[in-house]
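Visitor: Going down the list, the sequences are from chains A and B. Under the working numbering, the first residue of the first sequence is numbered 1, with each subsequent residue one higher. Under the working numbering, the first residue of the second sequence is numbered 1001, with each subsequent residue one higher.
No lab work stands behind these hints, which were simulated from the structure alone. Some hints could be false.
Said to hold, decoys possible - Per the computed footprint, the stretches of chain A lying under chain B, defined by three or more beta-carbons under 8 Å from a beta-carbon of chain B, are:
{"hint": "1", "region": "123 to 134"}
{"hint": "2", "region": "247 to 255"}
{"hint": "3", "region": "292 to 298"}
Predicted model, so just to flag it, every value in this text is computed and none were measured. Positions of the beta carbon are idealized from the N, C-alpha and C atoms, including for glycine.
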Amino acid sequence: MRGAWLRVAGAFLVALGLHATGTVLIEGYSEPFAIRAQLVLSCLLAVASVGQTLVVIVGGIDLSVPFVIGFANVVAAQLYGSGWPFPLVCLTVAALAGGIGALNGFLSAALKVHPLILTLGVGTAVQGAVLLWTAGFPTGSAPEALTNFVSIGAEAWIFPVPWLVPATAALLVAVMLVLARTPFGRRLYALGSNPVAARFALISPVRMWTLTYALSAIGAAVAGVLLLGFTGSAYADVGQPYLFQSIAAVVIGGTALTGGQGGYLGTVAGALVLTEINTLLIGLGLQPSMVQAALGAVIIGLVSLYGRAQHVRTTI
Amino acid sequence: MRAISRETRVALALLALLLVLNVALNPLRFAPAAWGTLLGLAAPLICAALASMPAILGGRGGIDVSVGPAMGFINAVLIKTLVIDCGITTAWVLVPAAIAMGAAIGAVNGAIATLVRVQPIIATLGTYLVLSGLTLTLLPAPLGGAPQWLKALSGAWSLLPLAVLALAWLGFKRTPLYDHLLATGSDDRAAYSAGINVTAVRFLSYVITGLFAGVAALALTALIGSADPTIGPNFTLLAISSAALGGVSLAGGRGGFLAAAVGAVDIFLLQSALTYFNVSTFVLQISYGLILVASICINALPSALPRRGAA
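Based on the provided sequences and hints, a complete structural model is requested.
Guide: This is the structure we're talking about:
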């Protein structure tokens, strides 16, 4: 348990260290506007990774995250553009996304299919359906309230950050409470650490996986709608960077892909780390392709510092 | 010799069905005279699926998502650096170079995943990003110019890369390492207790994956006849899906050459049949996703149902 907290603390320290490096090397790295931009980008990634965290804790993985983000992004814009009231748009998108996620979880658990391939297949089909519906050219727009909610220049009450930042903090507290204090949270960890023992504790894997994957897709859908406000227009591929980044954020935050351990605070730290690396590398003037290469090397380096798996001899 | 697993039999039945459908739809394309070209079209995916398989067999999350970018990287170095910049066109240099680069990439992946013990999907995701980034830096835009002998590998000689991989795998199966790999993949704790060097066996599985990826890169270069920085990464998920579809268990320890190859041919025939109907790419994408899900679910159905009845 102490090891877990150390990993989370380590991830936050790495984020701070990266930020300090950036401040030294790059002029204007710690300007208020730059910090606000980094916070907003981190929050978007953190929201997109809520579901991945839950799914990884229960012992799965969700490759449909980027497709569901794109789905929510396009569908929300399209429906709002055709005159639906925005709250109704959100409810519809969340319900549809929840259905997609529930399908992912149900099929994976009931048929014991590996979720990697299944979520990939479902995601591909969902994206195809969205593209077909919009004929490849999504239209529509974002309501002004949504744009203000995520805009880097906006202010939340007296704080110089948009409402997205305090909202993500509230989400963090809520998810941590759910994981630590509710039967759902306990079942999640129990099922993830030992599926056989969990069955004797009368935890239904099918019900838990269905629910968890539904929550994952709803989280991704929220991120998709937020991205609509951030970019201002719909784009079906908007979620693609989040495929690997959501998994990387979870792992950098100390949640093991083997399931049963970790938490959302670590993922938030991981999201900060990834955003800092990205900003730093771009700030150093690297080409986008070199940013990608360096990002890969840094992810491996970070995870090998404190995210290493156990040797098989210690698991016997 | 182990019997063919039930999953692979289902994939074989699907293959027969798809083959009949393809021949009925498009007899010319599937006529014997076109077999060389046809196999050349399918070879990169088949080789990529075969390359994905050894790392997955090792179990405990073993997977190599960098197979696609590795193919793209080797493709770029072969054409851009060796052929165009250095003017080397002989097979005696290019083929060993491709295979050596593959093995080196595999060894790096293996070292990170088994010695440093970074979880394999994260380790190879890291090399995925590194390799695709390096490829784009080396080669910002597609560039032509594969030598003639290499282009022939996607035509008259298209069986050659696959035959080489098949022979290599048959040879590997005759060594004790093959049994050690399956034992490690099925239950690494039992294998470790039985004295198998689990770390070394898993490391080797990544090296084999890399070697095979080198051959896959040759097949890809032969097919496109040029260097293209964007085409490689697409192969990763298709290759892993192919292997899984053919019956390579992502939990490790089950599957092999036949399973991965059959799964890849299934996906190739599926794409080929869907393309024939001349529907929009969006419908293609939906059908492709749905058929992937359906076939994997059908594959799992028989083993899921009795277990549920017994519980």
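Visitor: Run every hint past the structure and note whether it holds.
Guide: Verification of the supplied hints:
Residue count for the region 123 to 134 of chain A with a Cβ under 8 Å from a Cβ of chain B: 9. That meets the three needed, and the coverage hint holds. Coverage of the region 247 to 255 of chain A by chain B holds in this model, with 3 residues showing a Cβ closer than 8 Å to a Cβ of that chain against a need of three. For the region 292 to 298 of chain A, the proposed coverage by chain B is satisfied: 6 residues have a C-beta within less than 8 Å of a C-beta in that chain, meeting the threshold of three.
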